[in-house]
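2 protein chains.
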Amino acid sequence: MKTISLFAEIEEDMLKVEQELLKIVQVDNLLLTEASTHLLQAGGKRLRPAFVLLAGRYNNGSLEQLLPLAVALELIHMARLVHDDVIDASLTRRVVPTVKACWGNRVSMHTGDYLFAVALKLVSQYEDPRILRILADVSVKMVEGEVQQIITAFDVEQGLRDYLYRIKRKTALLISTSCGLGAIASGAPPSIVGGLMRYGHYVGMAFQITDDLLDLTSTEAELGKAVGSDLSQGIITLPVIYTLQTEPIGSHLRELIRNIEKEGQGLEEALDLVRQGPGIKKAMALTNRYIDKAKRELNWLPDQSTRDTLINVAEFISYRKF
Amino acid sequence: MKTISLFAEIEEDMLKVEQELLKIVQVDNLLLTEASTHLLQAGGKRLRPAFVLLAGRYNNGSLEQLLPLAVALELIHMARLVHDDVIDASLTRRVVPTVKACWGNRVSMHTGDYLFAVALKLVSQYEDPRILRILADVSVKMVEGEVQQIITAFDVEQGLRDYLYRIKRKTALLISTSCGLGAIASGAPPSIVGGLMRYGHYVGMAFQITDDLLDLTSTEAELGKAVGSDLSQGIITLPVIYTLQTEPIGSHLRELIRNIEKEGQGLEEALDLVRQGPGIKKAMALTNRYIDKAKRELNWLPDQSTRDTLINVAEFISYRKF
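Same order as they appear, the protein sequences are chains A and B. Number 789 in this note's numbering belongs to position 26 of the first sequence; there are no gaps in the numbering. Number 890 in this note's numbering belongs to position 127 of the second sequence; there are no gaps in the numbering.
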């Protein structure tokens, strides 16, 4: 599992999050336990629990106050990831799904539902009604983002606004919520809750843009999955949008993307075009603007070691390679 | 849409439930609105909202107190139904899924997630923490039931206990919860909440056994779907279990079911065997025992018009044809 030394401040507590995650999915039902444990052991950065714990530190929140929430937020994130495994039509049009992959559909779906329900059980321990209100609202918006990603697949006419709408729902909202709820659960005043939520929003936006950049600029070895998988699925990310808006390569890219959709060919050429165009640099610049905004939010919050950690996390986001 | 005149007492309120259901799924996202509206307009008995409203009457609950909960419980039920549409491997082993059916996988999943999240938003309006606690617990158990149905598919060695475990989670729990939460939301004392939850449990068990009976004894015209679909998917229902336990037809049925699983043949012969055996009658007898238990629970509750309605609902359950 990839651990981030940035989180040294909360290292012990993060170990407890990890233990609790593994413990909570051990249930009577062997299939659910196996699927959930498999997912957990596949790793993950555990960013959301880390943000819950760090945000909670601003008001000296205890682990007891924060642990159920930290675990719940990772479970909600995992539930979404496993639902992402449910096979889409566009993926099966050219590739015949294996029996195992297809059997996986139902099990993926049930496992996701299960993890989400377990998260709700954890959340139901809290008395503060804001926690469920915020999580329910975010859950609605996250689905809207997923569906929007289906609707806008291979749509070469979309712009920056469409992209920002999607990544806000896909990533930034849950990170912002992790920060906000960590503060709420520790009893922090509204000014700290608000500041941390805005910090989380900006960090989350930067995180997703970086993720989308890595899908174009990284190697398969570093990434642990095929490079260019977004564009192969028709997911139009920011560097692609910027390239589409630049002539004459924009028109050429438009044709190539239509070809990927219709014939399943031309992906490598399209990726090269995006890599050569101005999109990568422009997207990196936007990431940095979000990082700056995130750090600026922290200026308004009390000065303490947690603030330094959050600044480091924000900076790490744009330099990471995985 | 099939309406049940039994619910005359709450007819006006049920209309408001219907309006609210249609209103709440009208969102910005056209695909989600269309999928949800389609689901709603496909009908349904709206049993769960009816139980919420009827249970709430025991403590003179107002529509304002009960409406969000009634709508939420129907949405949770619908979310489960639409997730049931996600194609299972056993179904695609012999039938190649069409592109449309496969595209439906992701949309079915997202629509289910969406409806569940909207239900949570409604639930988050309530201050009483018991409501989320009960719903979260039921949500976990419902998934356990679904997964158990996959695990026990075509398992001819299962018994009554396996069956009761599944139908409790599949149906009885959410009906019991509808009754219990209707009482809780109206501020009823624990004695009434407990009695109504037990009533709902027994009615729910009877309802699912009847549902499983109809899949064997009804006609396609009455049922609106193919007869014998449970057994064709490997779902072993109560009359089948009873028949499997009766020799010599039990051994014959065992062979036929193995044949359905392996070759996809022998369904009609298996269905005839179950219809001729003692399973149907024995299952009907168990339904009646549950109905009696349900009615007995009502004897402990205050005598009022709602009690008569709930008695009628319980009796209707075992005589229904759809």
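Wrong hints could be hidden among the right ones.
Copies of the same chain look alike in the list, so a pair counts if it works inside one copy or between any two.
DMTMM-like cross-link-like pairs, simulated, lysine to aspartate or glutamate; straight-line CA separation at most 25 Å [as the list claims (entries may be wrong)]:
1) K904 to E890
2) K1056 to D1066
3) K1044 to E1010
4) K1056 to E1032
5) K904 to E1010
6) K904 to E783
7) K1045 to D918
8) K779 to E827
9) K786 to E1026
10) K904 to E797
11) K904 to D791
12) K779 to E1018
13) K1058 to D1035
14) K1045 to E985
15) K904 to E781
16) K884 to D900
17) K1045 to E983
18) K931 to E772
19) K904 to E1078
20) K779 to D900
21) K931 to D791
22) K1044 to D848
23) K931 to E797
24) K779 to D848
25) K786 to E797
26) K786 to D900
These are computed hints drawn from the structure, not numbers from a lab.
Structure-based check of all given hints:
1. Taking CA atoms no more than 25 Å apart as the test, K904 paired with E890 passes in both settings, with 24 Å inside one copy and 23 Å between copies.
2. For the identical chains of this complex, K1056 and D1066 are intra-copy neighbours only, at 17 Å inside a copy versus 64 Å across copies, given an alpha-carbon limit of 25 Å.
3. In this homomeric assembly, K1044 and E1010 come within 25 Å of each other (Cα to Cα) only inside a single copy, at 16 Å, whereas the closest approach across copies is 76 Å.
4. Proximity of K1056 and E1032 under a CA criterion of 25 Å is satisfied in neither setting, with 35 Å inside one chain copy and 70 Å between copies.
5. Proximity of K904 and E1010 under a CA criterion of 25 Å is satisfied in neither setting, with 34 Å inside one chain copy and 56 Å between copies.
6. Proximity of K904 to E783 under the C-alpha cut-off of 25 Å is restricted to the inter-copy arrangement: shortest distance 20 Å between copies versus 27 Å within a copy.
7. Within a single copy, K1045 and D918 get their C-alpha atoms as close as 20 Å, which meets the 25 Å cut-off; across copies the closest is 58 Å, which misses it.
8. Taking the shortest alpha-carbon separations for K779 and E827, only the intra-copy value of 11 Å comes in at or below 25 Å, while the best inter-copy value is 43 Å.
9. In this assembly of identical chains, the alpha carbons of K786 and E1026 never lie at most 25 Å apart, being 47 Å within a copy and 41 Å across copies at closest.
10. For a Cα distance limit of 25 Å, the shortest separation of K904 from E797 across copies, 17 Å, qualifies, whereas the shortest one inside one copy, 29 Å, does not.
11. In this homomeric assembly, K904 and D791 come within 25 Å of each other (Cα to Cα) only across copies, at 11 Å, whereas the closest approach inside a single copy is 32 Å.
12. For the homomeric pair K779 and E1018, neither the shortest alpha-carbon distance inside one copy (51 Å) nor that between copies (51 Å) is at most 25 Å.
13. Taking the shortest Cα distances, K1058 and D1035 never come within 25 Å of each other, neither inside one copy (33 Å) nor across copies (72 Å).
14. Only within a single protomer do K1045 and E985 lie at most 25 Å apart by alpha-carbon distance; the minimum there is 23 Å, versus 62 Å between protomers.
15. When the C-alpha separation of K904 and E781 is checked against a cutoff of 25 Å, the pair qualifies only between copies, where the shortest distance is 24 Å, while the shortest distance within a copy is 27 Å.
16. For the homomeric pair K884 and D900, the shortest alpha-carbon distances inside one copy (17 Å) and between copies (6 Å) are both at most 25 Å.
17. Taking the shortest alpha-carbon separations for K1045 and E983, only the intra-copy value of 23 Å comes in at or below 25 Å, while the best inter-copy value is 61 Å.
18. In the homo-oligomer, the alpha carbons of K931 and E772 never lie at most 25 Å apart, since the shortest distance is 28 Å inside one protomer and 46 Å across protomers.
19. Taking the shortest alpha-carbon separations for K904 and E1078, neither the intra-copy value of 27 Å nor the inter-copy value of 42 Å comes in at or below 25 Å.
20. For the homomeric pair K779 and D900, the shortest alpha-carbon distance between copies (24 Å) is at most 25 Å, but the shortest distance inside one copy (28 Å) is not.
21. Proximity of K931 to D791 under the C-alpha cut-off of 25 Å is restricted to the inter-copy arrangement: shortest distance 16 Å between copies versus 37 Å within a copy.
22. Within a single copy, K1044 and D848 get their C-alpha atoms no closer than 31 Å, and across copies no closer than 44 Å, so neither meets the 25 Å cut-off.
23. With identical chains, the CA atoms of K931 and E797 are at most 25 Å apart between copies only, with a shortest distance of 23 Å across copies and 32 Å within one.
24. When the C-alpha separation of K779 and D848 is checked against a cutoff of 25 Å, the pair qualifies neither within a copy, at 28 Å, nor between copies, at 38 Å.
25. Taking the shortest alpha-carbon separations for K786 and E797, only the intra-copy value of 12 Å comes in at or below 25 Å, while the best inter-copy value is 40 Å.
26. For the homomeric pair K786 and D900, the shortest alpha-carbon distance between copies (17 Å) is at most 25 Å, but the shortest distance inside one copy (28 Å) is not.
Hint violations for this structure: numbers 4, 5, 9, 12, 13, 18, 19, 22, 24, all remaining hints satisfied.
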